[in-house]
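Chemist: In case you want the letters, here they are:
There are 2 protein chains.
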Amino acid sequence: MESATIGFIGLGIMGQPMALNLIKAGYRLQVYARRPQVTQPLVDAGAKSFDSPQLAANRASLVITMVADTADVEAVIFGQQGIIHGVSPNTIIVDMGTSSPAATRRMAEQLEAKNLEMLDAPVSGGEQGAIDGKLSIMVGGKKTVFETALPVFQVLAECITYVGDHGAGQVAKACNQIVAAQTISAVAEALSLARASGVDPARVRDALLGGFAYSKVLEIHGQRMIESNFKPGFKARLHAKDMRIALTAAAETGISLPGATLALDHLERLIERGGAELDSSAIATLLEPQ
Amino acid sequence: MESATIGFIGLGIMGQPMALNLIKAGYRLQVYARRPQVTQPLVDAGAKSFDSPQLAANRASLVITMVADTADVEAVIFGQQGIIHGVSPNTIIVDMGTSSPAATRRMAEQLEAKNLEMLDAPVSGGEQGAIDGKLSIMVGGKKTVFETALPVFQVLAECITYVGDHGAGQVAKACNQIVAAQTISAVAEALSLARASGVDPARVRDALLGGFAYSKVLEIHGQRMIESNFKPGFKARLHAKDMRIALTAAAETGISLPGATLALDHLERLIERGGAELDSSAIATLLEPQ
Numbered sequence: 001m002e003s004a005t006i007g008f009i010g011l012g013i014m015g016q017p018m019a020l021n022l023i024k025a026g027y028r029l030q031v032y033a034r035r036p037q038v039t040q041p042l043v044d045a046g047a048k049s050f051d052s053p054q055l056a057a058n059r060a061s062l063v064i065t066m067v068a069d070t071a072d073v074e075a076v077i078f079g080q081q082g083i084i085h086g087v088s089p090n091t092i093i094v095d096m097g098t099s100s101p102a103a104t105r106r107m108a109e110q111l112e113a114k115n116l117e118m119l120d121a122p123v124s125g126g127e128q129g130a131i132d133g134k135l136s137i138m139v140g141g142k143k144t145v146f147e148t149a150l151p152v153f154q155v156l157a158e159c160i161t162y163v164g165d166h167g168a169g170q171v172a173k174a175c176n177q178i179v180a181a182q183t184i185s186a187v188a189e190a191l192s193l194a195r196a197s198g199v200d201p202a203r204v205r206d207a208l209l210g211g212f213a214y215s216k217v218l219e220i221h222g223q224r225m226i227e228s229n230f231k232p233g234f235k236a237r238l239h240a241k242d243m244r245i246a247l248t249a250a251a252e253t254g255i256s257l258p259g260a261t262l263a264l265d266h267l268e269r270l271i272e273r274g275g276a277e278l279d280s281s282a283i284a285t286l287l288e289p290q
Numbered sequence: 001m002e003s004a005t006i007g008f009i010g011l012g013i014m015g016q017p018m019a020l021n022l023i024k025a026g027y028r029l030q031v032y033a034r035r036p037q038v039t040q041p042l043v044d045a046g047a048k049s050f051d052s053p054q055l056a057a058n059r060a061s062l063v064i065t066m067v068a069d070t071a072d073v074e075a076v077i078f079g080q081q082g083i084i085h086g087v088s089p090n091t092i093i094v095d096m097g098t099s100s101p102a103a104t105r106r107m108a109e110q111l112e113a114k115n116l117e118m119l120d121a122p123v124s125g126g127e128q129g130a131i132d133g134k135l136s137i138m139v140g141g142k143k144t145v146f147e148t149a150l151p152v153f154q155v156l157a158e159c160i161t162y163v164g165d166h167g168a169g170q171v172a173k174a175c176n177q178i179v180a181a182q183t184i185s186a187v188a189e190a191l192s193l194a195r196a197s198g199v200d201p202a203r204v205r206d207a208l209l210g211g212f213a214y215s216k217v218l219e220i221h222g223q224r225m226i227e228s229n230f231k232p233g234f235k236a237r238l239h240a241k242d243m244r245i246a247l248t249a250a251a252e253t254g255i256s257l258p259g260a261t262l263a264l265d266h267l268e269r270l271i272e273r274g275g276a277e278l279d280s281s282a283i284a285t286l287l288e289p290q
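Quick note, the sequences are listed as chains Z and E, same order. Each residue of the first sequence is one higher than the one before, starting from 1 at the first, in the working numbering. Each residue of the second sequence is one higher than the one before, starting from 1 at the first, in the working numbering.
Check before you lean on any hint, since a few could be wrong.
Identical copies carry no separate label here, and so any pair may be met within one copy or between two of them.
Derived pair list, reagent style EDC-like, types lysine to aspartate or glutamate, alpha-carbon separation capped at 20 angstroms [stated by the list, open to error]:
#, residue 1, residue 2
1, Lys216, Asp206
2, Lys143, Asp200
3, Lys142, Asp200
4, Lys235, Glu112
5, Lys235, Asp72
6, Lys143, Asp206
Just so you know, the hints here were simulated from the structure itself, not pulled from any lab data.
Required output: the full structure, derived from the provided sequences and hints.
Modeler: This is how it looks when you write it as C-alpha cells:
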C-alpha cells in the first residue's frame, strides 16, 4: 500500500490533520468535503480536490471516511455520487469516524456483495493526537484486509489494535467513550467534593495521580477542570452523540448501562445550558453550587 | 524521628505489613490489636505487644491507628484505655485508616486541647502496596507536624502528598474512593458491552489501554474482570463503607454526587448477593445477563 492513492472524505477537526499526515508520508490524496473551503490547505499540500465522494474515490486503493455520524457515512458510501459509484473492485473502504456497530455490520455486508472490502477503524486521541500522528485506532473487519491497510494506519497512530470482525472496532470505540465519559464524571465529582470541603482540588488531583485512581482523564481533564479551561478538546455534543450510539448498541444486545446513561444525562444537561461546543469535561460545571 | 518508638494500633490486612516494614526500617514498635493472635508475627519480628492502646502508646513519639472505621478510631484514641491515657505531650497521633473528614476535624481539635498533634494520613494501594512499602498517602494536618512524621511515611509509601489542614487527607481519600468505584463501574460496563456484542473483552481492554480511556483500574481491575478473578484486593464491604463516608461528607457540604451514589448502589447489591468479601471489581458480575 506504499505511495498508493487514497480517497479521503470528510476534512473536519480530525480529518484535516489526518489527511495532511498521509500526504507528508507520500500518499497521493484525493479529497472531498461538504464545505469546499476546508479542502484548500490540503490542495496547497498537494492533494487533489473533487466535487463528490464518487470522484474522490476513483482509482483509489483505499478510501477513508471521517464524517460526523452513521447517516453521513451511509450517504457518502451508498448515496447518489457516493463512493461505491467511483471505486474499483478490491478497494478498501475504511470508516474512521464513530458509527453504530450494527449499521457497520450491515454496510460491510452490502459492500461485500459488491466485492468491496470494509474496515471500521474509529480513532481516539483527539485533535492533538490527529495532528501528531499519535491516535489510537480500533479496527474491525477481516484480518487480511486489516494487514493490507496497516501501513496507512501506522502513519496516523501510535497504538493500533485489531479487535475482531466487522463492527468490533466500533464496539471498542463505544466502550472507549462510555469509559471516558464516566471517568470524566467521576473526576468531576471528586474535585467538586474537594472544593466544597475547602480542600485545594489541585492537591487532591496530585494525591490521586499516585494511586489506583490514576487515569489519563484525571491527568488531562482533571487539570482542565481545575483551570476551568473547557476549550475543546472533544466537544460535548460529539461525546453525547457517541454515547447515544453506545447506549443504542447496548440496548440492542439487551444490557443496560446505568453509569453510561447517567453520563449521557450530564452531557445533555450541559448542552441544554449552551455548552454543546465546550470540551465534554465541562460537565464539571454542573456540579458547582447553583 | 529516626529509630524512634512507634505505637501501632490495628494489625489487619493493611496494618500488619505496614508495621512489619517499620520494624525492618529500624523503628521500635509497640503494637496492639483487638485479636491478640494477629500480633504474633510482629512479636516474632521484634515488636512488643500490649493489652491496650493506652499501653502501646506509652512513651511512643508517634502512634499510628489503622482500624476499620471512624467509631473504632474514636474508641482507640479517646476510649477507656485509649491512646490519650498513655501518650506523652507532643506525641503525634496518625490515623492512617479511612475516616470521616468531619469527625477527623473534631478529633484533631479535642487532641489539640490536650497538646497532642494529629495527622489524618489515609492510604491507597491495597495489601500489595502495603507489603511492598509502595502505598500512596494523603495527609491532612499541620505542615510542620507532617514534616516531622515524613520519615515514617517514607518507609510505607512511594507517593506522599500533603493535602492541607486537618481532614484534608480524608477528603482526598474520599475523592480517591469515589473515582476508583466509578472507574471500576465504567470498565465493568464497557467490558460487559463488548462481551454482549460478541467482541473479545481482552482485545477491547488492549485497545482502550492505548488512549484517553486508560486508567490503572482498566489495567488491573479490567484484567480481574476478564479472568473473573475477584479474590481481594480491596473488599466490596470496605469499599462500600468508604463510599458511605464520602457520600456523607458530600451531603454535609451540600453537594450531591449521583455517580458515586450509583456506584455505592452497585456495591450494596453485590454485598446483598453474598459478595461482601470479594474484590470490589466483582460489581462486574452484576452486569452479566441474568
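Chemist: How would you classify Lys235 and Asp72 at a CA-CA limit of 20 angstroms: within, between, both, or neither?
Modeler: For Lys235 and Asp72, only the intra-copy Cα distance (18 angstroms) is at most 20 angstroms; the inter-copy one is 47 angstroms.
Chemist: Checking an output row: Lys143 and Asp200, CA cutoff 20 angstroms. Within, between, both or neither?
Modeler: Answer is between; shortest inter-copy Cα gap is 15 angstroms, intra-copy 50 angstroms.
Chemist: For Lys142 and Asp200, with the copy left unspecified, which applies at a CA distance of at most 20 angstroms: within, between, both, or neither?
Modeler: Only across copies: Lys142 and Asp200 sit 15 angstroms apart there, 50 angstroms inside one copy, limit 20 angstroms.
Chemist: Between Lys216 and Asp206, at a C-alpha cutoff of 20 angstroms, which is it: within one copy, between copies, both, or neither?
Modeler: both (13 angstroms within a copy, 15 angstroms between copies)
Chemist: Measure nothing new, just compare the shortest in-copy and cross-copy C-alpha distances for Lys235 and Glu112 to 20 angstroms and report within, between, both or neither.
Modeler: neither (34 angstroms within a copy, 50 angstroms between copies)
Chemist: With 20 angstroms as the alpha-carbon cut-off, assign the pair Lys143 and Asp206 to within, between, both or neither.
Modeler: between (42 angstroms within a copy, 17 angstroms between copies)
In terms of the numbered hints stated before, the structure departs from hint 4 and from no other.
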